[in-house]
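Asker: Now for the letters of each chain:
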Amino acid sequence: MWRSTWRKARADLRGRKLQTVLAFLVIAAAAATLSLSTNLRASAQLPYERLRERSNGADAWVTFTSPADLTQLRSLPQVQDVGEPYPVSWENQGIRNGSVKRQVALVGLGPTLPAFDHPVVTTGRWLAAGGGRELVLDAGAAQLLDLRVGQQVSLLRVEGPVEFTVVGFAVTASRAPDPLNDPAFAYVLPETLRELHPGIAFGNDQEHTLRVGVRLAPGVPLLAFFEALRSDVHGDFNVRGADDIERNIEEANQFNLIFLRVFSVFALLASGLIVANAVGGQVLSQSRDIGVLKSIGFTPWQVTGTLLLQNIALASVASVAGGALGLALAPVFLAQAADVLGGPASPRLSAPALLMPIAAVIGIVALFTLVPGLRAARVSPLAAFDRGGVTGRSGVSRVGGALAGLRLPHAVRVGVVDLTRRPTRTALTLVALVLAVITATFTLGIEATFAKTMKDPTVIGGPPYDLGFDRDTVEDATARRILADDPDIEAVLPVYGTAVRIDRFGFGALVYEGDLTDDGWPLRAGRMPAAPGEVVVSTALASRTGARAGQTMTLQHGASDAVTVTVVGVYASTEGDVLAALPGTFPITDPPTDYYARLRPGADPHAVADRVVAASGGELDAEVFADTVADLRESWRPLLIGLNAMLFGIAGINLTSNLLLAVRERRRELAILKTVGFTPRQLTIATVTGGIAVAALATLSGIPLGLVATRIMFDVLSSAAGIGTGVGALPGIGWLALLLPLALATVAVASAFPAAAAARVRVAEALRYE
Amino acid sequence: MKYPLLALLATAPAHGYELKQRFEARFAPFRPPVNVGQVYSTLQRLERDGLAQRRGVVETGEAPARHLYEITAAGRREIEQWLSEPSTGIRLRDDFFLKLVLAGTAGLVAPAEVLDRQRALVLQELRDLNDLLSGSDRPEATMQLLIDGAVLHLQADLRWIDLCEDRLRDGGL
Amino acid sequence: MTERLVRTVALAKTYRAFDEDVPALRGVDLDVRRGEFLAIMGPSGCGKSTLLHLLGGLDSPTGGEIHFDGRRVDGLSEAAWAMLRRRHIGYVFQSFNLISNMSVAENIELPALLAGHSTEEARRRRRELSRQLGIEAQAVMPPGRISGGQQQRVALARALINEPALLIADEPTGNLDSQSTREVLEMLREYHARGQTVVLVTHDPNVASRADRVVRMRDGSVVGESHLEGRRPSSDLLRTLVTVED
Chain A
1 MWRSTWRKAR ADLRGRKLQT VLAFLVIAAA AATLSLSTNL RASAQLPYER
51 LRERSNGADA WVTFTSPADL TQLRSLPQVQ DVGEPYPVSW ENQGIRNGSV
101 KRQVALVGLG PTLPAFDHPV VTTGRWLAAG GGRELVLDAG AAQLLDLRVG
151 QQVSLLRVEG PVEFTVVGFA VTASRAPDPL NDPAFAYVLP ETLRELHPGI
201 AFGNDQEHTL RVGVRLAPGV PLLAFFEALR SDVHGDFNVR GADDIERNIE
251 EANQFNLIFL RVFSVFALLA SGLIVANAVG GQVLSQSRDI GVLKSIGFTP
301 WQVTGTLLLQ NIALASVASV AGGALGLALA PVFLAQAADV LGGPASPRLS
351 APALLMPIAA VIGIVALFTL VPGLRAARVS PLAAFDRGGV TGRSGVSRVG
401 GALAGLRLPH AVRVGVVDLT RRPTRTALTL VALVLAVITA TFTLGIEATF
451 AKTMKDPTVI GGPPYDLGFD RDTVEDATAR RILADDPDIE AVLPVYGTAV
501 RIDRFGFGAL VYEGDLTDDG WPLRAGRMPA APGEVVVSTA LASRTGARAG
551 QTMTLQHGAS DAVTVTVVGV YASTEGDVLA ALPGTFPITD PPTDYYARLR
601 PGADPHAVAD RVVAASGGEL DAEVFADTVA DLRESWRPLL IGLNAMLFGI
651 AGINLTSNLL LAVRERRREL AILKTVGFTP RQLTIATVTG GIAVAALATL
701 SGIPLGLVAT RIMFDVLSSA AGIGTGVGAL PGIGWLALLL PLALATVAVA
751 SAFPAAAAAR VRVAEALRYE
Chain B
1 MKYPLLALLA TAPAHGYELK QRFEARFAPF RPPVNVGQVY STLQRLERDG
51 LAQRRGVVET GEAPARHLYE ITAAGRREIE QWLSEPSTGI RLRDDFFLKL
101 VLAGTAGLVA PAEVLDRQRA LVLQELRDLN DLLSGSDRPE ATMQLLIDGA
151 VLHLQADLRW IDLCEDRLRD GGL
Chain C
1 MTERLVRTVA LAKTYRAFDE DVPALRGVDL DVRRGEFLAI MGPSGCGKST
51 LLHLLGGLDS PTGGEIHFDG RRVDGLSEAA WAMLRRRHIG YVFQSFNLIS
101 NMSVAENIEL PALLAGHSTE EARRRRRELS RQLGIEAQAV MPPGRISGGQ
151 QQRVALARAL INEPALLIAD EPTGNLDSQS TREVLEMLRE YHARGQTVVL
201 VTHDPNVASR ADRVVRMRDG SVVGESHLEG RRPSSDLLRT LVTVED
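Protein chains in written order, with our numbering: chain A, 1 to 770; chain B, 1 to 173; chain C, 1 to 246.
Keep in mind the hints are simulated off the structure, nothing from the lab.
Be aware that a few hints might be false.
What the hints assert, rightly or not - Beta-carbon label-pair distances, calculated as ranges: (1) A756/A x E136/C: 33 to 41 Å; (2) R4/C x P32/B: 40 to 48 Å; (3) A12/B x R33/C: 53 to 61 Å; (4) P32/B x E136/C: 31 to 39 Å; (5) S221/C x R159/B: 18 to 26 Å; (6) G171/B x E136/C: 53 to 61 Å; (7) F97/B x R34/C: 53 to 61 Å; (8) S221/C x P423/A: 32 to 40 Å; (9) V9/C x D95/B: 51 to 59 Å; (10) T119/C x R159/B: 30 to 38 Å; (11) A427/A x L92/B: 54 to 62 Å; (12) G75/C x L108/B: 46 to 54 Å; (13) G171/B x S221/C: 16 to 24 Å; (14) D177/C x R159/B: 16 to 24 Å.
Stated by the list, open to error - A few chain C residues that face chain A, going by a derived Cβ cut-off under 8 Å, partial list only: (15) L58; (16) L76; (17) E78; (18) Y91; (19) N97; (20) L110; (21) P111; (22) T119; (23) L228.
To be verified - Which chain A residues stay away from chain C? Per the calculated CB distances, all over 10 Å, these: (24) F24; (25) P522; (26) L705.
Ideal Cβ placement from N, Cα and C applies to all residues, glycine included.
With the rest of the complex left out, here is chain A (with noise of 0.2 Å):
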């Protein structure tokens, strides 16, 4: 008996090759998409994880800035294993790769990867021994300096520039990657760091220090290591924590990872229908030779077996060829994000990411043939002849009658009239374009959304200021007033920078000198200072102290007495451990280090920032902030418009394979307008007005759809992970416009094939064999 359905299926997918080549397509090109996407929010959701278990990364760094005693480390109880400490430089010093320069730490480490919490090289080679004069630099500021490997680079120090090659670039799980933490770690030998920093001592002062990988033991939380430290072990110290750095990366990459949530959620859904819409219209396109196979014997059940078994068939292989195609092509778009996520390129393969898609796509085939097979099964074999012939609704009269009112050509009305015989065919048909519509929609929408949110700095915990000025050497009158001089600068915000201590816990303390309530700033709590004695706490330092709005925090500030400082919010910043303050509430007697400056609207950025530098005789180094955040956002886009790209696709495929059913069942129909007097030209034009019809409608009913969904996706996504809504940007007006008659042309040219089809039917045969 499964002979006879496995003969039918088998037929089946053999006799209709172009409609089941299409919809293996259909079907891959959907488990490709939910195949990269699930790979990719796999990938990105946890590229810190995966970067501690390939670094076998330590659970926290401490960094000493004063003498310290490493064997006391070594036996806390909370301690499991300590590494091997090294040598990291403070000192103002940066790499300058065209306009574009980045801060950096010099770190000391062997030729030889200690086994235990080492960092990851991700492009190139790690130092060589000897290698006096070669650099690895962190991975995210290379992606932002644009630097190749084997490039030249002058480290810029206050003694003077220093010529190093680039051999390659590294990411660590010690440090989140440049910007979201700066300055960045740029590796060289040991020998090099003491040869650049003769006579001193590491592990002595704030700009010289020792970083030491620990292992805690399991399950003791950071707060205990933190407090056993401050307890037990001499020495001034700050204190980084794996939880710290993931979440500063989380933080960063919310947005892009809230993309990629709002597209997964998408092309589930999206595909998902497409793929439900073209496994429903082939049962539909096979009602007739149900009512042969039940004329013959087959039970309900065996015809939706069958129906079942044939679609399965094809869903199986086409799902597992796409999801293979999704793997493959899942390093590619991960290649553009790796930087940025502070982790390998490579996929990561877990058994759900691999089956998900598979298992999703098999499923709603098997769902959708189901649902139209059962009811297709349970009609009389009469109907089901009949089906695909005039329906005798009585609102087929209505709508011709009304057509026929209106002086339309024949083969116009015929057209249409058509679209209302076949009620289930044209709302096959009109889904299918709506889905195209609603995908162009959400495109635009994920576009306008990433342009708008692109370039600002506050998405990945920057400043609310357009631009960046390091004073390095210049008088502080001085930058003072070429900022002021400048018209295209509407407000300056000066920046001090100072070290604090809780105890022996030391973290940063930025002092901004100016009015911080004005909107912008990243704020995740509470609100910016507005008196001194106010601060605000980054998030990471929230979390290591537990501090919260309306607390207060007694500090210690240098040498003098200890300063009580009331918390008043918690906001995000790319500084790590640091809080905010204004001035007046520590006794900060150095001039600022940098200045923060927003420009009127309308400013460019490079133009004042090239004016700023020429004025100051070069000493200032500007930053642009919209370009750092815009380069870390740029590696998003081709993955999301790939992304898009693809799932356009899969609605154009099952248009194009809707608008073929469409046409070929309606071949005796056809064949029986040309003995009655249309010319093949006529048929032509009933074909591609009935398609333009379906056409206008799914336009204007699919572009609202798309712009509510966009909206609603991003609202609940981006909700969902703290941000609130309003983040899902509209497409313009002028983008959507375009969609009408973009839509039309694609109909037009899609049905073009199947309309001179038509036209060529030749009626004896459509007639004789039907």
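Based on these hints, arrange chains B and C on the given structure of chain A.
Answerer: Okay, now just chains B and C, sitting in the frame of chain A:
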């Protein structure tokens, strides 16, 4: 018998018995054997009307002597005239028509019954004719033609019967 | 085994169209004897096709009873009807209704496989039928590539492959020329002669006259029937065809 004999005579002169044989060879399956007396009386009528004439006597040594007949010029004109005229007259089952009309009038038999029986008969005739055509011993071409003609006539009869029934139902009879 | 293969009692079917009940069948009582060749005749719209569809379970009645082989079947589920059809009822349509993407051979074998016969048995039966019906040469062709007469023979083979108790033919010659019509009818008669029960619907008296019994329908009811007899001696019949005036 006048025209068939005249037409057969036109092909070649013949005596009476010969004509009877020729006629039977041509129409045997669907005509009963012809009475030779009927042939002679027809020939005599033809001779009387000047359409055929005696050419001599064929002596067979047995009595009676046989006369050889041939067609005259007038006879040839006559047969040509007959062949070139289309056959007139609409043939119906006049007997059935009379029964149908009279059954109603006389009130002895229901007209519907007349129709039913007639239809059954016609169907049976159709079946019989089709049996002849589909049997293993297929009739020769002339015969098939005749049967096809008869089948078409029977189909027309059936349609006529249906029409009569419709009229009867509508009270038109 | 009962003498009557099919029996209907007051069989009725009413369609609903445009909010109006349209009776297609108004209480039909019909018996089909085993081995009988029954023709149902009538003008189009008289309900003859509806009756046929009900007999084969392609449609369900709105009233009355259907008995098949002594068993009441009018209330059967779709699946049960399918089982019945697959083993006991063969169907031949006016428009052939072959599956266009399967070869002639596959079309014919399909019901045999469906009924649980082995591939070999299905092939054996198909070959036998193909030989009888003269379509051996077309086995590997798609149905669309052979003539209408041949398609109908394929349909006939498909209908007969499970040796059904009842063969239902719905205007089987409606799409055929006179030569093919004659051939198909002859084949029907041959299978009938071997004991096949046939119920055939036609509006063509010429086709109906091949049956043993002709039932006439009109407006959804049976209005009469005629029993036809076997062949008569040919000479008697032919002699009545041509009258020659004396």
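Asker: Hint by hint, note whether the structure agrees.
Answerer: Evaluation of the provided hints:
1. A756/A x E136/C: 33 to 41 Å: Holds, at about 39 Å.
2. R4/C x P32/B: 40 to 48 Å: 44 Å, holds
3. A12/B x R33/C: 53 to 61 Å: Holds: the Cβ-Cβ distance is about 58 Å, inside 53 to 61 Å.
4. P32/B x E136/C: 31 to 39 Å: 46 Å, violated
5. S221/C x R159/B: 18 to 26 Å: 21 Å, holds
6. G171/B x E136/C: 53 to 61 Å: 58 Å Cβ-Cβ, so the 53 to 61 Å window holds.
7. F97/B x R34/C: 53 to 61 Å: Given about 40 Å between the Cβ atoms, the range is violated.
8. S221/C x P423/A: 32 to 40 Å: With a Cβ separation near 36 Å, S221/C and P423/A satisfy 32 to 40 Å, so the hint holds.
9. V9/C x D95/B: 51 to 59 Å: Between V9/C and D95/B, where Cβ atoms are some 40 Å apart, the hint is violated.
10. T119/C x R159/B: 30 to 38 Å: Violated, since T119/C and R159/B (Cβ atoms, about 50 Å apart) do not stay within the stated range.
11. A427/A x L92/B: 54 to 62 Å: 59 Å, holds
12. G75/C x L108/B: 46 to 54 Å: 48 Å, holds
13. G171/B x S221/C: 16 to 24 Å: 19 Å, holds
14. D177/C x R159/B: 16 to 24 Å: Since the Cβ atoms of D177/C and R159/B sit about 21 Å apart, the hinted range of 16 to 24 Å holds.
15. L58: It holds, given that the least Cβ distance between L58/C and chain A is near 5 Å, below 8 Å.
16. L76: Given a least distance of 11 Å, the restraint on L76/C is violated.
17. E78: 5 Å, holds
18. Y91: At about 5 Å, which falls below the 8 Å cut-off, the nearest Cβ of chain A leaves the hint on Y91/C intact, so it holds.
19. N97: 5 Å, holds
20. L110: 5 Å, holds
21. P111: Hint holds; P111/C Cβ to chain A Cβ min 5 Å, cut 8 Å.
22. T119: This hint holds: T119/C lies near chain A, its Cβ roughly 7 Å from the closest one there, short of 8 Å.
23. L228: 29 Å, violated
24. F24: 16 Å, holds
25. P522: The claim holds: P522/A sits with its nearest Cβ about 62 Å from chain C, beyond 10 Å.
26. L705: Non-interface label stands for L705/A: nearest chain C Cβ at 35 Å, farther than 10 Å.
In summary, the numbered hints that this structure violates are 4, 7, 9, 10, 16 and 23.
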